[in-house]
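Sequence lines, in order, name chains S and P.
Position 165 of the first sequence, counted from 1, bears residue number 212 in this note's numbering, the numbering being contiguous throughout.
Position 68 of the second sequence, counted from 1, bears residue number 115 in this note's numbering, the numbering being contiguous throughout.
There could be a bad hint or two in this list.
Treat identical chains as interchangeable: a pair holds within one or across any two.
[Said to hold, decoys possible] In the EDC-like style, the derived pairs of lysine to aspartate or glutamate whose C-alpha atoms are separated by at most 20 Å in a straight line are: (1) Lys-328 / Glu-348; (2) Lys-334 / Asp-345; (3) Lys-328 / Asp-404; (4) Lys-334 / Asp-54; (5) Lys-334 / Asp-103; (6) Lys-334 / Glu-217; (7) Lys-334 / Asp-96; (8) Lys-328 / Glu-361; (9) Lys-328 / Glu-153.
Bear in mind the hints are in silico, worked out from the structure with no lab data behind them.
Protein chains: 2
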Amino acid sequence: MRTDLCDRLGIEHPMVAFTPSEHVAAAVSRAGGLGVLGCVRFNDAAELDAVLDWMDRNTGDRPYGVDVVMPSTVPTEGSDVDLAAMVPQQHRDFVRRTLDRLGVPELPAGQETGDAVLGWLHSVARSHVDVALRHPVALIANALGSPPPDVIGRAHERGVQVAALAGKAEHARRHVEQGVDLVVAQGHEAGGHTGEIATMVLVPEIVDAVGDRAPVLAAGGIGSGRQIAAALALGASGAWMGSYWLATREYAQTTGGSAMQRALVAAGSDDTVRTRIYTGKPARLLKTRWTEAWSEPDAPEPLPMPLQNILVSEAHQRISAAEDPEVVSMPVGQVVGRMNAVRGVEELMGELLREADDTLARLGRLR
Amino acid sequence: MRTDLCDRLGIEHPMVAFTPSEHVAAAVSRAGGLGVLGCVRFNDAAELDAVLDWMDRNTGDRPYGVDVVMPSTVPTEGSDVDLAAMVPQQHRDFVRRTLDRLGVPELPAGQETGDAVLGWLHSVARSHVDVALRHPVALIANALGSPPPDVIGRAHERGVQVAALAGKAEHARRHVEQGVDLVVAQGHEAGGHTGEIATMVLVPEIVDAVGDRAPVLAAGGIGSGRQIAAALALGASGAWMGSYWLATREYAQTTGGSAMQRALVAAGSDDTVRTRIYTGKPARLLKTRWTEAWSEPDAPEPLPMPLQNILVSEAHQRISAAEDPEVVSMPVGQVVGRMNAVRGVEELMGELLREADDTLARLGRLR
């Protein structure tokens, strides 16, 4: 199963894995797909640099990529302290009250509260790009659409392809006009930031809009070989999968988080919710007692990006430390219903490829 | 392109068209698919009988089916008058105020307000089944899941297959255990009543749950041959399409409604909204000034089924008579983005089949 995407990225199989885990990303690249490391968790560029050094040694000389969260125009932004001052007390009170009610302990005494995730800030995302371009990356993907023109230009100078996520055909058109090489058509059922239009509808719409100028990757809901084949049927050149890798042994190597993995393995496809509580923009999360609390009558409206993530930053650390599968804050797509055990990346890749190939063979017999 | 569905229903192509228009249903059956006539609009069983007589003469001796809206258990229900008394005045006031604000005229003097749609009532849906079973129907589909056991039994005695819509795998399992022959896996992006889980995720999940016992039809978002091929890739035995036929000349023959068709043709895939305002249960509608009015701060919560439809029944008639494309009340799926002209059913069927076949050929070359 080869498409134009394979030649373009120098990969064996038309499968791209987005993941915050370097262990997952490297394993996917080694297995013949393209591992794409999410950078948003790196507040410190030097830390990202060290992880990419690790990637350079652990992908078996196969290509890999990075994913940043960068608006195409530079917004007004302040320091961490300025932004924190913009979070209303009412919101802080709700978060504190909710964590108490859900039995989430304070962080252990002496354990410092870490910084909020700042990767959403333009300046921080730009530092990620600077670091990535010093490594032999094959792809820079941007979760917020087209990166600024100078970033696209610098990537192209180094022979690095640029991908951008799109939830509407008009976004995809704009991305391609601004020089983006690959469009990721991400449907409503995807984890994390996601739009209204479902993958089944969105992918052919974006292929019709830009497919003659840029390969389209299908994202949202994909976690089986049948779905990869369906993505190809819709006109995509490959599949972009994110959530599916959260229930892997390699993911646990990076983040720990066994309660989170237990919660994912137990969840069905109807156990997600699309909400603004994670970042301020609509994102699909695992439905847990934490997300449900934000639907209660006493819950405030989530704040805009980046304030909401600053608001919930300490809560995320407390929740993560508490290791309670019923109180988890985790972006995941509806594909969570297919994630029923913690397994290894290589095994999952093999299974996906075999099923995709079997599906193409089955479809061939229908003609 | 033949699947087990073709043999089972005696049709040439694995495509089922759900439509309230007998002209569309007959044209689809004549073109080798299965036309399934929606019965919910027939308050009077004799009227349905006459329309099915017409179907018997106009399908070219090809099979056709009917679709009813019948809960599997008999709910408490009253007469039209009893039910009308349960509609709060506050809701009536909001509807009247909104129609005035949107410039929707009163019905012309002397024109009587028709009855509300009563097809949602169990007794009325049962009368539809009684009538249908006097005709040579090949299929009875139920939009609300498994019909009651005696209905399934009577259908089977006459060699009529029973289909049921499902928005979750657990529903599909229950349907099959209760004797349903075919499951329609209807994703979030579908028009009308619809659940949370998107077609890309739902179809393989339902195939895995019941596919060894009942063929599964994919529904929700389908309006191209690529999507039909994708549905087959996901494991479906065929496609169930509803919204797509609303922008046809045959549909206009049944209902008129040129403003409605103009609105559909102009709409994009992001111009729908899932709301309870049509029937009291979540249903996807075209987003217009009418649906937007129900999101305003002064709008009441929609009433439960069947009261909400009784509440908006006169409004629907006024809206329909007003012929304003900006004020339309119409269930339609996200596939509305692909409906860009009013065309004939035969032409659309030919195009869908050609593209599906081309897609299967293209996929065959990827191996």
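Hint by hint, here is what the structure shows:
In this homomeric assembly, Lys-328 and Glu-348 come within 20 Å of each other (Cα to Cα) only inside a single copy, at 12 Å, whereas the closest approach across copies is 25 Å. When the C-alpha separation of Lys-334 and Asp-345 is checked against a cutoff of 20 Å, the pair qualifies only within one copy, where the shortest distance is 18 Å, while the shortest distance between copies is 30 Å. Taking CA atoms no more than 20 Å apart as the test, Lys-328 paired with Asp-404 passes in neither setting, with 37 Å inside one copy and 40 Å between copies. In this assembly of identical chains, the alpha carbons of Lys-334 and Asp-54 never lie at most 20 Å apart, being 39 Å within a copy and 42 Å across copies at closest.
For the homomeric pair Lys-334 and Asp-103, neither the shortest alpha-carbon distance inside one copy (36 Å) nor that between copies (50 Å) is at most 20 Å. For a Cα distance limit of 20 Å, the shortest separation of Lys-334 from Glu-217 across copies, 18 Å, qualifies, whereas the shortest one inside one copy, 30 Å, does not. In this assembly of identical chains, Lys-334 and Asp-96 lie within 20 Å of each other by CA distance neither inside one copy nor across copies; the values are 34 Å within and 47 Å between. Proximity of Lys-328 and Glu-361 under a CA criterion of 20 Å is satisfied intra-copy only: 19 Å inside one chain copy versus 38 Å between copies.
Proximity of Lys-328 and Glu-153 under a CA criterion of 20 Å is satisfied in neither setting, with 27 Å inside one chain copy and 42 Å between copies.
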